[in-house]
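Starting from the given sequences, assemble the full structure and let the hints guide the process.
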Amino acid sequence: MITKQDFNRLTDYIWELPTTFHAQMTVPVWVFADEDLLEDALGDLSLQQAVNVAQLPGLVGHVAIMPDVHQGYGMPIGGVMVSRLPDGIISPGAVGYDINCGVRVLASTIDYASAQPWLADLASALYRYCPSGVGKGGPLALTPPVMDQVCLEGSGWALEQGYATEEDLARTEEFGCLAGADPQSASSRAKTRGHDQLGTLGAGNHFLEVDVVEQVFDREAAATMGLHQGCLAVQIHCGSRGFGHQICTDYVQQFQLAVLQYGIHLPDRELVCAPLNSPPGEAYLGAMKAAANFAFANRQLLAYQARRSFAEVFGSTSDRSSLRQVYDIAHNMAKLETHIIDGQPQEVCVHRKGATRAFGPGFEGLPTEYRPLGQPVLVPGSMGTESWILLGTAANEPLTYGSTCHGAGRVMSRHQAKRTIRGHQLRQDLEQEGVRVRAGSMAGLAEEAPQAYKDVSRVVETVSRAGIAHRVARLRPVAVIKG
Amino acid sequence: MTDLFSSVALPGGFEEVEHTADWAYHIWAPDYVHLFLQAARGLYALLGAEWSPEPGTTRRVKLQGVDYESLLIAWLNELLFYRYGENLGFNQIDITHLAPTCLEATLGGSPITQWSKDIKAATYHNLAITPTDDGVEATIVLDV
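Residue numbers (this note's numbering), protein chains in the order written: chain U, 1 to 483; chain A, 1001 to 1144.
Hints are computed from structural coordinates only; laboratory data are not their basis. Hints may be right or wrong, so weigh each one.
If you want the footprint, here are the derived chain A segments under chain U, 3+ residues with CB under 8 angstroms [stated by the list, open to error]:
(1) 1006-1019
(2) 1068-1077
(3) 1105-1119
(4) 1125-1137
For the chain A half of the interface with chain U, some residues (derived, Cβ under 10 angstroms), not all of them [as the list claims (entries may be wrong)]:
(5) Asp1022
(6) Trp1023
(7) Gly1048
(8) Phe1081
(9) Tyr1084
(10) Gly1085
(11) Glu1086
(12) Leu1142
(13) Val1144
What you are looking at is a predicted structure, and each value in this text was computed from that prediction instead of being measured. All C-beta atoms, glycine included, are put in the ideal place defined by N, C-alpha and C.
Structure follows, in structure tokens:
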């Protein structure tokens, strides 16, 4: 049982659980939270899961826990874990089943006030063109060679096929393609599950949303990003669909043997892992990158369909330039990066599960116009509540290894949400508040009710005050598409 | 073949339990074979599967693991693969061999007309099959 008294308070927003807390911890845990959010985190098993993570071999620095943390399986959602290269570990469970689950934001110059009469039509068009829901396939059925090409090229494949612009790729994390993807390391089962799912949202907490840019906090950055106060924007939240889920399933199973082979002690078998420089470790990394590229292409196709919907509703003058990409960012991924560890630059593998990369100004992996600003961070709120656009900071490097929060974070179980909230009533309430809702399942809608989540603004205030992200703009939803 | 949803009660049971972000369910049974059957029954119930009246389909599966826990997860993920890969659900199951490192079963079922829930995978999170006075039990966390 972990209590507040077990922590050393490093600053108003950083709480350290030292390695003395548990004999098997190899690194400390740092929680980024105000007192209330820390109390929330102590309300479920998320910090116990962080302590489990801190017991894995080959870790360096500290395990960083974001203020939107909540209980997951294995690693908590909202966690950052850093392992050394070349012999540190890589863990499929610490990336998650939805490899490269992430968020894309597109911005328009369409004024909300003038667009209001057409928002219901827009919501219907988006629901029609962006397949969502349980087991829904998409508009494409990929042949095995094309599937491999998507795995290797990610958004680059979408560009070749006419689904993307050069600017879209420039404004995507890793330019929409992780080098070193190995489609052969992904099973035929994974490819079977994924082959007809490119360009689909799926179900669960994934969504597509039309927002209005309600408030701008950093005018210069917002202008560079194409965010105009009072204008419409689009958010897309989804990942690698069944392809990524099956890859994680396959490797979590295979690694059960690998941990015996490499003599790795596990506090929780979902944290199964293998050395990065081992054959199973290398195979997972190649397969994970293939799934990540599939996810980049998936969000790209959904962006294409969102543009198609806008063009249909707002007319031919609403061409692609009216929905410009702000950024696309992953929040379930392992990345090989260089960070300052114990005062020295070190090659490491950073696992971010329910956490985003948030590099500060000067990072070369950003398009030229964003380089002086830092990496854009897209933080969706719960359905019906605000979302945020942030920027990474230089100050976060020693604190979170260039990472920050990814969303609101759940506080209520899905079971409890279904028991206490009626989907039809929720939909009616949201419509009365001016949020058009198109959803395939009322039960699924209830599970994702705003009451089931933390207040995203408190999460954002914490990361802002802790210095690990900088506020640019706040978005308010006006239409939600869910499976 | 055991009918998972027969009016004759299958020994043991399952119930959904609270989990903040995902889904979890508790299963119990007098022995390992029935525990695996209850795990399948619970999975299909949570998926909200509705079977079509089409003629039955049979599949044979052979799974390997390092212990009963790994077989249990492999078993559930095998059923999930058939759900996503072939849209098949199995309500008739005969587990012909079950040892700590190997499971063999014959599955009978049909295409599913409706699934009400997406489950990405069965996870190993805090998984342990533990003995009870009446048999064995476990709690499984599903990623949704």
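Compare the structure with the hints numbered earlier in the document and write down the numbers of the violated ones, lowest to highest. none
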